[in-house]
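Chemist: Each protein sequence line maps, in turn, to chains R and X. Be aware that the first sequence starts at 1, since it is given in our numbering, and climbs by one per residue. Be aware that the second sequence starts at 1, since it is given in our numbering, and climbs by one per residue.
Hints are computed from structural coordinates only; laboratory data are not their basis.
When chains are identical, the list treats them as one kind, so a pair holds in a single copy or across two.
Capping the alpha-carbon separation at 27 Å, the derived lysine-lysine pairs in DSS-like fashion look like this:
#1 K187 / K117
#2 K187 / K80
#3 K92 / K27
#4 K270 / K249
#5 K249 / K217
The primary structure of each chain is shown beneath.
2 protein chains.
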Amino acid sequence: MRIAIDAMGGDHGPPAVVPAAVAALRKHANLHVVLVGDEAILTKALSTEQGVPSTRVSIRHATQQVEMDESPSQALRTKKDSSMRVAIDLVKEREADACVSAGNTGALMAKARFVLKMLPGIDRPAICCALPAMQGHSHVLDLGANVDSSPEQLLQFALMGAALTSAVDNKPAPSVALLNVGEEDIKGDGRVKEAAMLISQSNLNYVGFVEGDAVFKGSVDVIVCDGFVGNIALKASEGVGRMFLHFAKEEFLRTPLTRLAAWVSGPVLKAAVHRIDPRRYNGASLLGLRGIVIKSHGSADQVSFAYAIDEAVLEVEKRVPDLISKDLELIFDQRRAV
Amino acid sequence: MRIAIDAMGGDHGPPAVVPAAVAALRKHANLHVVLVGDEAILTKALSTEQGVPSTRVSIRHATQQVEMDESPSQALRTKKDSSMRVAIDLVKEREADACVSAGNTGALMAKARFVLKMLPGIDRPAICCALPAMQGHSHVLDLGANVDSSPEQLLQFALMGAALTSAVDNKPAPSVALLNVGEEDIKGDGRVKEAAMLISQSNLNYVGFVEGDAVFKGSVDVIVCDGFVGNIALKASEGVGRMFLHFAKEEFLRTPLTRLAAWVSGPVLKAAVHRIDPRRYNGASLLGLRGIVIKSHGSADQVSFAYAIDEAVLEVEKRVPDLISKDLELIFDQRRAV
Numbered sequence: 001m002r003i004a005i006d007a008m009g010g011d012h013g014p015p016a017v018v019p020a021a022v023a024a025l026r027k028h029a030n031l032h033v034v035l036v037g038d039e040a041i042l043t044k045a046l047s048t049e050q051g052v053p054s055t056r057v058s059i060r061h062a063t064q065q066v067e068m069d070e071s072p073s074q075a076l077r078t079k080k081d082s083s084m085r086v087a088i089d090l091v092k093e094r095e096a097d098a099c100v101s102a103g104n105t106g107a108l109m110a111k112a113r114f115v116l117k118m119l120p121g122i123d124r125p126a127i128c129c130a131l132p133a134m135q136g137h138s139h140v141l142d143l144g145a146n147v148d149s150s151p152e153q154l155l156q157f158a159l160m161g162a163a164l165t166s167a168v169d170n171k172p173a174p175s176v177a178l179l180n181v182g183e184e185d186i187k188g189d190g191r192v193k194e195a196a197m198l199i200s201q202s203n204l205n206y207v208g209f210v211e212g213d214a215v216f217k218g219s220v221d222v223i224v225c226d227g228f229v230g231n232i233a234l235k236a237s238e239g240v241g242r243m244f245l246h247f248a249k250e251e252f253l254r255t256p257l258t259r260l261a262a263w264v265s266g267p268v269l270k271a272a273v274h275r276i277d278p279r280r281y282n283g284a285s286l287l288g289l290r291g292i293v294i295k296s297h298g299s300a301d302q303v304s305f306a307y308a309i310d311e312a313v314l315e316v317e318k319r320v321p322d323l324i325s326k327d328l329e330l331i332f333d334q335r336r337a338v
Numbered sequence: 001m002r003i004a005i006d007a008m009g010g011d012h013g014p015p016a017v018v019p020a021a022v023a024a025l026r027k028h029a030n031l032h033v034v035l036v037g038d039e040a041i042l043t044k045a046l047s048t049e050q051g052v053p054s055t056r057v058s059i060r061h062a063t064q065q066v067e068m069d070e071s072p073s074q075a076l077r078t079k080k081d082s083s084m085r086v087a088i089d090l091v092k093e094r095e096a097d098a099c100v101s102a103g104n105t106g107a108l109m110a111k112a113r114f115v116l117k118m119l120p121g122i123d124r125p126a127i128c129c130a131l132p133a134m135q136g137h138s139h140v141l142d143l144g145a146n147v148d149s150s151p152e153q154l155l156q157f158a159l160m161g162a163a164l165t166s167a168v169d170n171k172p173a174p175s176v177a178l179l180n181v182g183e184e185d186i187k188g189d190g191r192v193k194e195a196a197m198l199i200s201q202s203n204l205n206y207v208g209f210v211e212g213d214a215v216f217k218g219s220v221d222v223i224v225c226d227g228f229v230g231n232i233a234l235k236a237s238e239g240v241g242r243m244f245l246h247f248a249k250e251e252f253l254r255t256p257l258t259r260l261a262a263w264v265s266g267p268v269l270k271a272a273v274h275r276i277d278p279r280r281y282n283g284a285s286l287l288g289l290r291g292i293v294i295k296s297h298g299s300a301d302q303v304s305f306a307y308a309i310d311e312a313v314l315e316v317e318k319r320v321p322d323l324i325s326k327d328l329e330l331i332f333d334q335r336r337a338v
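Hey, can you work out the whole structure from these sequences and the hints?
Modeler: Following this line, the structure appears as C-alpha cells:
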C-alpha cells in the first residue's frame with residue numbers, strides 16, 4: 001500500500017515527519033511512503049536517517065506550504081501546489097491509498113472535501129479519534145468539524161464511528177452512545193433527543209445517553225456528539241491534564257526532599273502518564289470522505305506522528321471508507337423502502 | 001446572618017452535613033445555622049459533636065426527603081414538607097439569608113424557581129462554579145441548568161457571572177469570555193457568534209472567544225457557555241482526572257518497589273492533588289434567583305460541604321442577588337432607551 005505524507009505540515013515539519021515515516025516503513029513491510037514537500041529539504045532529511053528502505057520511499061516535490069493560521073478558504077484557493085494539497089491529490093488520482101497531515105485542520109478538511117468529495121448523504125467530514133480510557137478506549141466523534149449538527153448528522157456520525165470501530169477494533173457490533181447531560185431519556189436538548197430516536201431505530205447497537213465522564217471510562221465503544229461539544233470537552237480534558245502535571249511538577253521541585261521523591265517515583269509516574277499519553281492516541285480520522293485522510297495533531301513529534309501513520313495503514317487494510325459507504329447505503333435504502 | 005441547610009440531602013446526609021455546619025459555625029462568628037430535616041436524627045447528630053455553639057444553631061423539622069433520582073416535577077408536587085423545600089421556604093420568608101443543599105439538582109432548581117422566583121428577565125437559574133486553574137480560578141457558567149440557551153441567555157450568564165465574580169473575588173471589571181471551538185471571530189456556531197455581538201455591546205469586560213483548555217488556565221475570570229456544553233466539559237474533565245488517578249494507583253501498587261516509591265512521594269502527590277481537589281471548589285451558585293441558593297455536590301463529605309457553606313456566607317455578605325438584579329436592570333434600561 002502507498003501512503004502520501006504531507007511532510008511540511010505541523011509545527012515541526014520534516015524533522016518530525018521524516019523520521020516517523022522511516023520508522024513506519026520499518027514497521028510495515030508492505031508500506032510505500034510518498035513524502036510530499038520541498039524536494040531539497042526532504043532529500044537532505046532522508047539522507048541523515050539510518051537504514052532507510054529506499055525502494056519503498058519516494059519524494060513528490062511541492063512548491064507551497066499551508067500555514068497553520070491560514071484561512072481554509074484562502075488555502076483552498078491559493079495553495080494548489082502545497083504539500084497538503086498534493087498529498088490529497090495523490091489519493092484522488094489513486095497514486096496513494098491514504099494521506100496523513102499534521103497541518104492546518106480547517107484547510108485539510110476544506111481541501112479533502114473539495115478534492116476527494118464526500119460519500120453520498122454526508123455534508124462534511126466528521127473528526128473521529130480514539131481516546132484513552134480506564135478500560136481500553138472509546139472512539140469519539142465529532143471533535144470539531146461540524147458545529148451545528150442536525151439529529152440526522154448525529155445519526156451519520158454514529159454510523160461512521162461504528163463502521164470505523166468495528167473495522168479497526170474487530171468488534172462486530174460496537175456499542176454506540178450519545179453524549180448528554182444525563183442518562184435519563186428526559187435529559188438533554190431537542191437535538192439529542194431526536195438523534196436518540198433516529199439512532200435507536202437504526203440497526204446500530206445503541207445503548208443510550210452517557211455523561212461526559214463516560215469518555216474516559218471506556219464503557220462504550222463509540223460516543224457521538226456535535227463537534228462544538230466534542231471539541232470543547234476534548235480541549236477541557238487536555239487542559240485539566242496539563243494543569244495537574246503543572247501542579248505535580250511544582251510540588252516535586254519545591255524542596256531537595258521533594259526532588260528526591262520525584263527521582264524515586266519518576267519511573268512510576270511516567271508509566272502512569274504513558275498510559276494516557278496523547279501521542280499514543282494521535283491520528284484522527286476525517287470520516288465521510290471518498291478516501292482516507294488522517295489528521296495528526298499539529299504539535300506531533302516523531303513518536304506521535306508515527307502513530308498517525310499506523311492509523312492510516314490500519315484504515316487502508318480495513319478499507320474503512322468502503323465499509324462506511326455500504327452502511328450509509330443500507331440506511332438510505334431503508335428510508336426509500338418506508 | 002442565618003443560613004438554612006438541607007441537612008438530609010446528598011449521598012451522606014446528616015453525618016456529613018452536621019459536622020460541616022458545626023465547623024462553619026466555628027469559622028464564622030456571625031453565622032446562625034438552621035438545620036432542616038428529621039428532628040430526632042439531627043438532634044442526635046448534633047449531640048455527638050464537640051463544642052457546638054448551641055445558641056447559633058437551630059433545628060427545623062421536616063417530615064419528607066427528596067430522593068436523589070426523583071423527577072424534579074414529582075418532587076415539586078409531592079414533597080412540600082421535604083428538608084430541601086423547607087430550607088428554600090425559609091429563604092422566601094426571610095427567616096434565612098441563603099440555603100445550601102447537596103440534594104437532587106433538578107429538584108433544587110425547580111423548587112427554588114417556584115418558591116423564590118427568578119429575577120426580572122431571567123428564565124431559569126444558571127449553575128455557576130469556580131473551577132481550579134493553573135493561575136487562580138475561573139467562574140464557569142452555565143454548568144447544566146439550561147441546555148438550549150439563546151444568545152440572549154448567554155449574555156445574561158455573562159452578566160450574572162461577572163457580578164458574582166466581581167463581588168466574591170473583589171474584581172471591579174472581571175474579564176469575560178465565551179467558550180468556543182477556536183479563538184478567531186469566524187469560529188463557532190450561530191449562537192455563539194450572536195452572543196459575542198451582544199456581550200461585546202454590553203459594558204462587560206469582554207475579551208473574546210476561548211477554547212476548552214482555557215477553563216483550567218485561569219487566564220479569564222468568567223467563562224460563559226450553554227449548559228449542555230458546560231456540563232459535558234466539566235464531567236469529561238472530572239473523568240480524565242479520575243482516569244489518571246486510577247492509572248497512577250495501579251502503577252504505584254504494581255510491585256514492592258513501586259509501593260516504596262508511592263510511600264516516598266505520597267505527600268508530594270497529595271499536595272499536587274490538593275491544589276485541584278474538587279472538594280475545595282464545592283458550592284455552585286444557582287444564579288438569577290431572588291435569593292441565594294448554593295448547590296453542593298451530591299457526594300460531598302464533611303470537608304467539601306463546609307466549602308459550600310462558606311460560599312453561601314460570602315454571597316450573603318456581598319449581597320450577590322442585589323448586584324445581579326442591578327446589572328440586569330441597567331441592561332434592560334439601555335434596551336428601552338434604544
